[in-house]
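Following the hints, put chains B and C in place on chain A, whose structure we already have.
Taken in order, these protein sequences are the chains called A, B and C.
So in our numbering, the last one in the first sequence is 294, and the numbering has no gaps at all.
So in our numbering, the last one in the second sequence is 314, and the numbering has no gaps at all.
So in our numbering, the last one in the third sequence is 504, and the numbering has no gaps at all.
Just so you know, the hints here were simulated from the structure itself, not pulled from any lab data.
Positions of the beta carbon are idealized from the N, C-alpha and C atoms, including for glycine.
Treat the hints loosely; a few may be bogus.
Label-pair distances were calculated between CB atoms; the ranges are [what the hints assert, rightly or not]:
1. A/Gly-72 / C/Gln-398: 41 to 49 angstroms
2. A/Ile-108 / B/Arg-160: 25 to 33 angstroms
3. C/Ala-284 / B/His-52: 18 to 26 angstroms
4. B/Lys-233 / C/Ala-261: 35 to 43 angstroms
5. B/Leu-29 / C/Thr-348: 35 to 43 angstroms
6. C/Thr-353 / B/Met-25: 46 to 54 angstroms
7. A/Thr-32 / B/Leu-111: 29 to 37 angstroms
8. B/Asp-58 / C/Thr-124: 16 to 24 angstroms
9. C/Gln-435 / A/Gly-72: 31 to 39 angstroms
10. A/Gly-39 / B/Leu-29: 49 to 57 angstroms
11. B/Ala-88 / C/Ser-100: 56 to 64 angstroms
12. B/Asp-58 / C/Ser-213: 44 to 52 angstroms
13. C/Gly-243 / B/Asp-58: 45 to 53 angstroms
Residues of chain A clear of chain C, computed beta-carbon distances all greater than 10 angstroms [as the list claims (entries may be wrong)]:
14. Pro-49
15. Pro-53
16. Leu-80
17. Ala-120
18. Pro-153
19. Leu-205
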Amino acid sequence: MSNATVIVAAQQPFRRTPVELLDLVRSHRRVTVAALLLGLLVLVALLSPVISPHDPLAVNPDNSYLPPLSPGHLLGTDELGRDLLSRILWGARVSLPVALVAVAVGLIGGGTIGMISGYAGGAVDLLLMRLMDALLAFPGLILAIALVAALGPGLRNAMIAIGIVAVPLYARLVRAVVLQLKPMEFIVATRSIGASPLRLVVRHLIPNLVNPIIVQVSLSAGFAILAEATLSFLGLGAQLPTPDWGQMINTGAAFLTNDPWLAIVPGAAISVTVYSFNLLGDALRDALDPRLRT
Amino acid sequence: MTAYILRRLLLMVPVAFLVTVGVFMLIHLSPGDPALVILGEDRTPQAIAAIHQQLGLDQPLYVQYGIWLGHIVHGDWGRSITTHEPVAAAITERLPATLELGIVALVWSLLVAIPLGTIAAVRRGSLTDQVVTGITVAGVSIPNFFIGIVLIFVLSVTLRLFPFGGYVPLLQNPLESLRHVALPAIALGTAGAAINMRFTRSSMIEVLNLDYIRTAWAKGASWRRVVFVHALKNALIPVVTIVGIQIGGIIEGAVVTETVFTWPGVGRLAVESIFNRDYTVVQGIVLLAAFSYMLANLLVDVAYAWLDPRISYA
Amino acid sequence: MRRVALGFISLLLIAACGGGGGGGGTNAGTPQRGGTATVALESELHTLDPMDSSLLVEREVFYNIYDSLFTIDPSLKIKAGLVTQWDVSDPLNYKFTLRSGVKYQDGTPFNGASVKANIDRYKTATTSRRKSDLASVASVEVTDDTHVIFHLKKPDATLLATLVDRAGMMLSIDAVNKGGQNFSLSPVGAGSGPFQFVEWMRNDHLTLKKNPSYWRAGFPYLDGVTYRAIPDVNAILSALKTGDIDIARVIAGKDVASVKADSNFIYKDVPAIGFNGFELNAGAPPFNDPAKRQAVALAIDRYSILKNIDFNIGVVGYGPIPPSSWAFDSTEKIYDHADASKAKSTATGFTFTYKTTSDPVNQQLAQLMQSELTAAGITMQIQTEEFATYQQECANHQFQACGVSWSGRIDPDGNMYAWWHTGGSFNDSLYSNPQVDQWLDDARTSADQAKRKADYDNAQKQIVQDAPYVFTTFGVSAQISDTKIHNFTLYPDLMIRMAEVWKG
Chain A
1 MSNATVIVAA QQPFRRTPVE LLDLVRSHRR VTVAALLLGL LVLVALLSPV
51 ISPHDPLAVN PDNSYLPPLS PGHLLGTDEL GRDLLSRILW GARVSLPVAL
101 VAVAVGLIGG GTIGMISGYA GGAVDLLLMR LMDALLAFPG LILAIALVAA
151 LGPGLRNAMI AIGIVAVPLY ARLVRAVVLQ LKPMEFIVAT RSIGASPLRL
201 VVRHLIPNLV NPIIVQVSLS AGFAILAEAT LSFLGLGAQL PTPDWGQMIN
251 TGAAFLTNDP WLAIVPGAAI SVTVYSFNLL GDALRDALDP RLRT
Chain B
1 MTAYILRRLL LMVPVAFLVT VGVFMLIHLS PGDPALVILG EDRTPQAIAA
51 IHQQLGLDQP LYVQYGIWLG HIVHGDWGRS ITTHEPVAAA ITERLPATLE
101 LGIVALVWSL LVAIPLGTIA AVRRGSLTDQ VVTGITVAGV SIPNFFIGIV
151 LIFVLSVTLR LFPFGGYVPL LQNPLESLRH VALPAIALGT AGAAINMRFT
201 RSSMIEVLNL DYIRTAWAKG ASWRRVVFVH ALKNALIPVV TIVGIQIGGI
251 IEGAVVTETV FTWPGVGRLA VESIFNRDYT VVQGIVLLAA FSYMLANLLV
301 DVAYAWLDPR ISYA
Chain C
1 MRRVALGFIS LLLIAACGGG GGGGGTNAGT PQRGGTATVA LESELHTLDP
51 MDSSLLVERE VFYNIYDSLF TIDPSLKIKA GLVTQWDVSD PLNYKFTLRS
101 GVKYQDGTPF NGASVKANID RYKTATTSRR KSDLASVASV EVTDDTHVIF
151 HLKKPDATLL ATLVDRAGMM LSIDAVNKGG QNFSLSPVGA GSGPFQFVEW
201 MRNDHLTLKK NPSYWRAGFP YLDGVTYRAI PDVNAILSAL KTGDIDIARV
251 IAGKDVASVK ADSNFIYKDV PAIGFNGFEL NAGAPPFNDP AKRQAVALAI
301 DRYSILKNID FNIGVVGYGP IPPSSWAFDS TEKIYDHADA SKAKSTATGF
351 TFTYKTTSDP VNQQLAQLMQ SELTAAGITM QIQTEEFATY QQECANHQFQ
401 ACGVSWSGRI DPDGNMYAWW HTGGSFNDSL YSNPQVDQWL DDARTSADQA
451 KRKADYDNAQ KQIVQDAPYV FTTFGVSAQI SDTKIHNFTL YPDLMIRMAE
501 VWKG
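This is chain A alone, in the form it adopts within the complex:
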C-alpha cells in the first residue's frame, strides 16, 4: 500500500462513535451474507471434532485411495487411508486460528508501533517509519519463506512470519489515524487537562480506528489464509499429520490423475473461506464509505 492510498483512506470523515456493528450487519445485505458465511465456517471449525465421521489422523493403509461416496467415507480417503471429509472439517480448525493469530500479530505489533510513532513524532517517528518502510520493501513472500526457514517449518512459525509481514500495514494505518487526531481540539483540550495517554488511546483513538481497521482485518485474514496455504504448499507450514488445506493440496497434487478429489476439495475449502473474508471486507468497506453509497 503506497503512502497515497493510506492518506486518502485516512481522510475519511470521522465518526466519533463507531457504527454499531450489528446494525451494519442487519442493514447491508452483502455484509449479512458475508457474515453468515463466515459464521458458518467458524461453526464448522468449532464443531469439527463432533461432526467428523472419523479421526482425521487415523492411518489405515489398506483403505487408501477410496473414491468419494465409498461406504463410510463420503469424500473418500487419502494416500494413507485417512478420511478426507474429516480432514477437511478439521482443516477449518487449523486455518481459521491461523488467520486470527497472524492478523493479531500484525495488528498488535503494527498498531503499537504506529501509535508510538504517531504520538511521539520527531526522531522516533522517523526511525520507526523507516523500519516499517524497510519491512515493506522486503518482498513479502520471500520474507515469510526466509523467516520460516530460519525458525523451522511448522504452523506456529508460519503464523508468526505472516504476522510480521503484516506489521507495517497496520503501523501505517494506525499512525495515519493518530496523526489526524493529534491536532484536533478535543485531543489538545484533554491533554492540557493532564489526562493520561492511555485514557486518550482507549476513549478516543480506538473508537476511531474501528472503521478502517475492521475492513483491513477482514481482508488481512483472507490474505493470511492464502499465505499460510502457500507456505504449507511449499512444505513450510503445517506438517503432517496436521490436517491443513494447503498441505493437502501439496500432497494431493501428485494424485490428480487417479484421485483428483484429494487436491480439489481442500482447494475449494480454502477458496470458500478466503472468499467469505474478502466478501465481508469488501462489503464493510462499501458500507462504511459514504462516497460509494448509492
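Frame of chain A; chains B and C shown alone:
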C-alpha cells in the same frame, strides 16, 4: 514537489541499508550450513572447513556483512556460493523470464479487469454488477498455486493444449514463447485481475458521478461515447498507478507460480537459494526487489500527487 | 521445489520390482541417426566440472561429456575406458596402457601427460572435491604418450572403481585454462565423450551436441541431448506425458503401475547399488544403548514400507550391501519381518525423535514407521525440518534418529567405510567398533576379492547386528522413457548413458 522527490530518493538509501541488514541477519542466522549443501555426498571435515574458509564464513557476522556491503557499493554483487556464478549474471539471466511472466500476467489481468470493471461501474448496483464483483472476488480468493495445478492438469497433461514448463525467450520465437507462458501467466494474473477490476470499478463510479460527465449526458452525447471517451480515460489514471505498484512487486508475485510451473525466473531462484543457504544470491535478489518496490512506489506517489489535488506533500 | 534429499531419490527409485529384465534395451529395428533426446534431471546442477562436483545429477551429465579411465558393464564389472590394459600385480605401482588416437573435443590429444595433469589437478586444486577419492595416490608417472604408472602410498583395492567415476574423468587442460573462472559453468571442448557442451541455461535446460570426432566409431546416434531440471517427480511424469521429455530416471512409486500399463511408455528397472533406512545416534541417549537400537530394528515392518510407500518397487533391505554387488550376502538377514514382541522384550517404553524433511513421501514413511513402533511400545516423534537444517543437524550429530539413504558406490567399500569406520565422514552415528575398523581397513588394501568378501561379510553382520543404522529397503535404477527411445542400457549405478541410444 522536487524537494519531496529528492527527499524520498535519499531516504531510499538508508531504507535499503536496513533491508540488507535484515536479510543478511535472517539468512545467516538460519540453521543450515551452505558447505554441507554444496558438498552433498562428498562431505569430509577438511572439505567443509576449506569451504568455510574460502567463503569467509568463519569470520564474525559484522565482518562478513561489512565485506559484502563494501563489494556492493563498488558494484560487485558477489558470486553464488553454490555455482560460483556472478550474482548479477545469475539474476540478469533469469530476469527476462520473470518479466515476461509478470507482464503477460498483468496484461491478462487488465484485459479481464478493465472491461469487467467498466461494466460493473456502469451497471452499478444491478445483478450484473453483483455477479461480476462476485466473480472477481472469487478470483482473488482462489490460491494461485491451486489455479496453476488445475490448469496444468487440465490444459497441459490431459488435453495437451499447452506445453508443460519450459521457457522460450520472447525475442527468439514470440508464438512459442506465448504458448509456454500462457498457463503460468493466467494463474498469476487472476488475482491481479480481481484487484484491478475493483479499482477500475470504483474509479469509474467516481468519474461517472462527476459534473462534466453529467453535462455530457445532458448534452445528449451517446452512452458509448460518454463512457469510453470521457470517463474511461480519466478513470484509468488511478488504475495505472496501482499497476505501477504491481510491476514493482513482480519478483515477489512470481515466486509461487514459478515454483509450480518450474519456470526459470528470479522468484524461483530466490526460493531455491534460501533453501540452499546461498547467502549472496538471496541478498542480491532481496536488494533488487526492495529497490524496484521503492522506486515503483515513489513513481506511483508522484503520479497520484500530480493527478489528485487532494494530495499534497508539502 | 528443492525436495531432493539424498534419501528421497533412493526411496523413489524403488520402482516396480521384477519389471523389465537386466540391462538390455529395446533393439527393434536398425538404428536411425539424428534427433535430440530430452532427459529429465531431478534437480539443478551446480557445476559441470568433475573436479568440484558433489551432486548425483551432475554425474548423470558427466558420463556423456567426459570419458573416464575405466568403465563398468551392467553387472558392475570393471572394464576398459581410456585405459585399455592394466597391470595391478604390484599393489603399490599400477601400470596402465592408454587408448591411443583419442582427441578431446577441442582438438587437443589425450595422452599420458594429460592423465597426469588431470590427476594432479584433482589432488591439488583448492576447490577440488576429489582429494579424498585419490588419497591413496602418491603421484602419476608418465612413461610415454600411452603408458602411465600410478604410484600409490598404500594398497587400495578400490582405486579402479574410483577411477570409473569423477576422479577418473579426463578433461582437456587446455579447455580448463581457457575457461578460467567460468569453466565450471561452460566447459567448452573439455571432454572426449560422445557429446559436447553447447549451452547451459540454468534452471531451464542444458544442451549437448554430438561429438563428431568421438573415438568410438559410429557413435553416438543422436545429434544432441538436452537436459531439463525438473525437481518434482510428479512434474517429471507430466512432462513425459506431454512429450516435453523423452527419458527420466525416476518417477513417483505410485505412478509406476500406470506407466507400465501404458503402451506409449517403456518402464524398466534393475537393482541399484544403494541402501535406504535411517541412522541412529549411538553417541547419545537413548541410542547409546545397543538394546534400544536393536528393538527399533526389530519393530520396523519393512514389508509394509515396501508395499505402502514404495508400491513394491525394489526389495526389502537388511544391510549396506545390495544384491547387485559381488559382496552381497543373503545370509545376513538378522532383522527381517517385524517382530513386535521380540522388540518389546529387548527394550521398550522409550521415546525418541526422528528427523526428516517435509517432502510428502518422507512424511508418509515417517508416519507409517511411527505407527509400527507403537506396537512395540516405542514412541517415535517426528520432527520435520527444512532440508538445509536437517542436513546440518544430522551431519553434526544433533539427532537421535535421522532418515537418510545412500545412493551407493560401485565398490562395497564405498557403501561402508565412510559410514561406519571410526571417524568416517558419514559416520553421523558415531559408531565405533575396532574389529569392524580392522575388517574394513583390510578389505580396502587386499587385492584378493575372496578375502575382501570375507571381510565384508564379517563387517556387515556386525554392523547390522549393532544397528547404528536401520536398513529398510534396497532400491532400483529405473528407466522411464518414451517408446521412441531405443537401445538404452540400464545400469545399476543410476547413470544415464546416451552414447548408444537412438530415437526413432
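Hints versus structure:
1. A/Gly-72 / C/Gln-398: 41 to 49 angstroms: Once the Cβ atoms are compared, 44 angstroms apart, the range 41 to 49 angstroms for C/Gln-398 and A/Gly-72 holds.
2. A/Ile-108 / B/Arg-160: 25 to 33 angstroms: violated (51 angstroms)
3. C/Ala-284 / B/His-52: 18 to 26 angstroms: With a Cβ separation near 25 angstroms, C/Ala-284 and B/His-52 satisfy 18 to 26 angstroms, so the hint holds.
4. B/Lys-233 / C/Ala-261: 35 to 43 angstroms: This hint is violated: roughly 60 angstroms between Cβ atoms.
5. B/Leu-29 / C/Thr-348: 35 to 43 angstroms: holds (40 angstroms)
6. C/Thr-353 / B/Met-25: 46 to 54 angstroms: violated (28 angstroms)
7. A/Thr-32 / B/Leu-111: 29 to 37 angstroms: holds (34 angstroms)
8. B/Asp-58 / C/Thr-124: 16 to 24 angstroms: Since the Cβ atoms of B/Asp-58 and C/Thr-124 sit about 22 angstroms apart, the hinted range of 16 to 24 angstroms holds.
9. C/Gln-435 / A/Gly-72: 31 to 39 angstroms: violated (56 angstroms)
10. A/Gly-39 / B/Leu-29: 49 to 57 angstroms: Violated: the Cβ-Cβ distance is about 42 angstroms, outside 49 to 57 angstroms.
11. B/Ala-88 / C/Ser-100: 56 to 64 angstroms: violated (45 angstroms)
12. B/Asp-58 / C/Ser-213: 44 to 52 angstroms: holds (46 angstroms)
13. C/Gly-243 / B/Asp-58: 45 to 53 angstroms: For B/Asp-58 against C/Gly-243, whose Cβ atoms are near 49 angstroms apart, the range 45 to 53 angstroms holds.
14. Pro-49: holds (21 angstroms)
15. Pro-53: holds (21 angstroms)
16. Leu-80: A/Leu-80 not clear of chain C: closest Cβ-Cβ about 6 angstroms, inside 10 angstroms.
17. Ala-120: A/Ala-120 clear of chain C: closest Cβ-Cβ about 39 angstroms, beyond 10 angstroms.
18. Pro-153: violated (6 angstroms)
19. Leu-205: holds (41 angstroms)
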